[in-house]
Amino acid sequence: MIGLIECGNGNIQSVGNALSFLNIEWGFISHKNDFSKFSHVILPGVGSFPHVMNRLIENDLVSEIEKYVRSGRPFLGICLGMQLLFEESSEYGSNEGLGLIKGTVKPLADRSQDLLVPHVGWNNCRNSKKSPFTLDESFYFTHSYYCHCSESEDVLGVSEYGQDFVSAVKKDNVVGFQFHPEKSQKTGLKLLNEFERLEC
Amino acid sequence: MLKRRLIPVLNILNGHIVRSEHFNVHQKIGNVVNQAARYNEWDVDELIYLDISRNRTYDLGRDDLKVKSYNNIEDIIKLISKVCFMPLAFGGGIKTLEDIDLRIKNGADKVIINTEAFRNPELIRIASEKYGRQAIIVSIDYRIIEDSPLVHTQFGQFNTGVSALQWAREAEALGAGEVFLNSIDRDGLATGFDISTINEFTKELKIPVISCGGAGDLDDFYEIFTKTNCSAVAAGNIFHFTERAYPRAKKELKKEGINVR
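As given, the protein sequences belong to chains A and B, one line each in that order. Everything in the first sequence is counted per the working numbering, starting at 25 for the first residue and increasing by one. Everything in the second sequence is counted per the working numbering, starting at 15 for the first residue and increasing by one.
By construction, these hints were calculated from the structure, which means they are not laboratory data. Fair warning: there could be bad hints in the mix.
Calculated cross-link-like contacts (lysine-lysine; reagent style DSBU-like; alpha-carbon spacing at most 30 Å) [said to hold, decoys possible]:
1. Lys92(B) - Lys130(A)
2. Lys119(B) - Lys210(A)
3. Lys130(A) - Lys268(B)
4. Lys130(A) - Lys264(B)
5. Lys96(B) - Lys153(A)
6. Lys210(A) - Lys217(B)
7. Lys214(A) - Lys217(B)
8. Lys109(B) - Lys130(A)
9. Lys17(B) - Lys154(A)
10. Lys265(B) - Lys130(A)
11. Lys268(B) - Lys56(A)
12. Lys265(B) - Lys91(A)
13. Lys214(A) - Lys268(B)
14. Lys214(A) - Lys92(B)
15. Lys210(A) - Lys265(B)
16. Lys56(A) - Lys265(B)
Owing to the predicted nature of the structure, the values given are computational and were not obtained by experimental measurement.
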């Protein structure tokens, strides 16, 4: 059963809707004791980096996430949820993240004056290492910041917007997608199925 | 490389999907949720719902179409978001941050603000701070008057006299994530898109522009994608009335080398 960490302001119901459509059982995680109920956990971040990180801290969820990840069970961050896996972001000042993946989160606007920001729409992802995920497809993105991995072996998928950027990461049982699988029609729903099938 | 989007627009009037012409001829064409399922089958890039009801009462009794209608926007959003796994944008009747909260909480990924954004631009800033720029689309309805596009509000009835381009720049500075540009002159006329105005906008703005108003046949889509840099093209009537217009448009555009999904 998949647990969805309830934090932030945005449309968090949509990941749950996609899981229900796939007949995958799920529930919300809003309290630190909730983690024990789930074999898989998703952090579906929408909103700003410091806002959601502060919510995780206030609700005492950070150390529980660390504990959960150490248990070896699969953990997936989506969009801002992927960015939160990193050590630091410069969104609204410098803010510390969960530090589960080495690297930093930076504004797309710094890369080129000509880019429209946010990066909104369907873009291709190229698989960069072997994994159980079908990533060589197009997915729906909507973000203004991007992740930079310090360790290249953590890069799972790459997309191009002005230049290449990391659109999927994987380090052991921790996975992140910059795009929204729950908003990417069949190709995205397939990834959620593949996540659910990861062994604990 | 980022693909260019083709987006069906569905107008909701008192709980039904309707067609629109010059913003005021309306004809019922179907049930909100059945239409959503149809667009889902066509694997559309995104969906835009505009609630154009003048009052907030919805049709409860059912009539000629023998289909159920829904009596509030929350129910409509909830039902659609349970069967549609693409980005969903909802506009119409949004006046306060609470109106935005209600839509996003029930399954909208983005909201589209029109008249109220113009009246109270501060709403763009607070909404964008709360939900992020990507969730806030500012919609601008314009008519060409003496060669310049001017903002019209209140369902396009009121000429503000303000330059649409100037307003778009302000909306961008306040935190809008996308601009939805709608030509009232061309709404429902199927005479092609307003290429020159769209070009003025994409030249000036650093956020994506969604262009709407005027699609009559598939060649119009080819024209707008080749002659402008707009990020997305939206249309309503053509997708409702022309057999399989959406998948056919995608296929044709791809064949012509346009970077669509």
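Going down the list of hints, with the structure as the test:
no.	hint	verdict
1	Lys92(B) - Lys130(A)	34 Å, violated
2	Lys119(B) - Lys210(A)	24 Å, holds
3	Lys130(A) - Lys268(B)	33 Å, violated
4	Lys130(A) - Lys264(B)	34 Å, violated
5	Lys96(B) - Lys153(A)	33 Å, violated
6	Lys210(A) - Lys217(B)	35 Å, violated
7	Lys214(A) - Lys217(B)	38 Å, violated
8	Lys109(B) - Lys130(A)	33 Å, violated
9	Lys17(B) - Lys154(A)	26 Å, holds
10	Lys265(B) - Lys130(A)	36 Å, violated
11	Lys268(B) - Lys56(A)	49 Å, violated
12	Lys265(B) - Lys91(A)	49 Å, violated
13	Lys214(A) - Lys268(B)	24 Å, holds
14	Lys214(A) - Lys92(B)	22 Å, holds
15	Lys210(A) - Lys265(B)	18 Å, holds
16	Lys56(A) - Lys265(B)	49 Å, violated
Comparing the model with each numbered hint stated earlier shows that hints 1, 3, 4, 5, 6, 7, 8, 10, 11, 12 and 16 do not hold.
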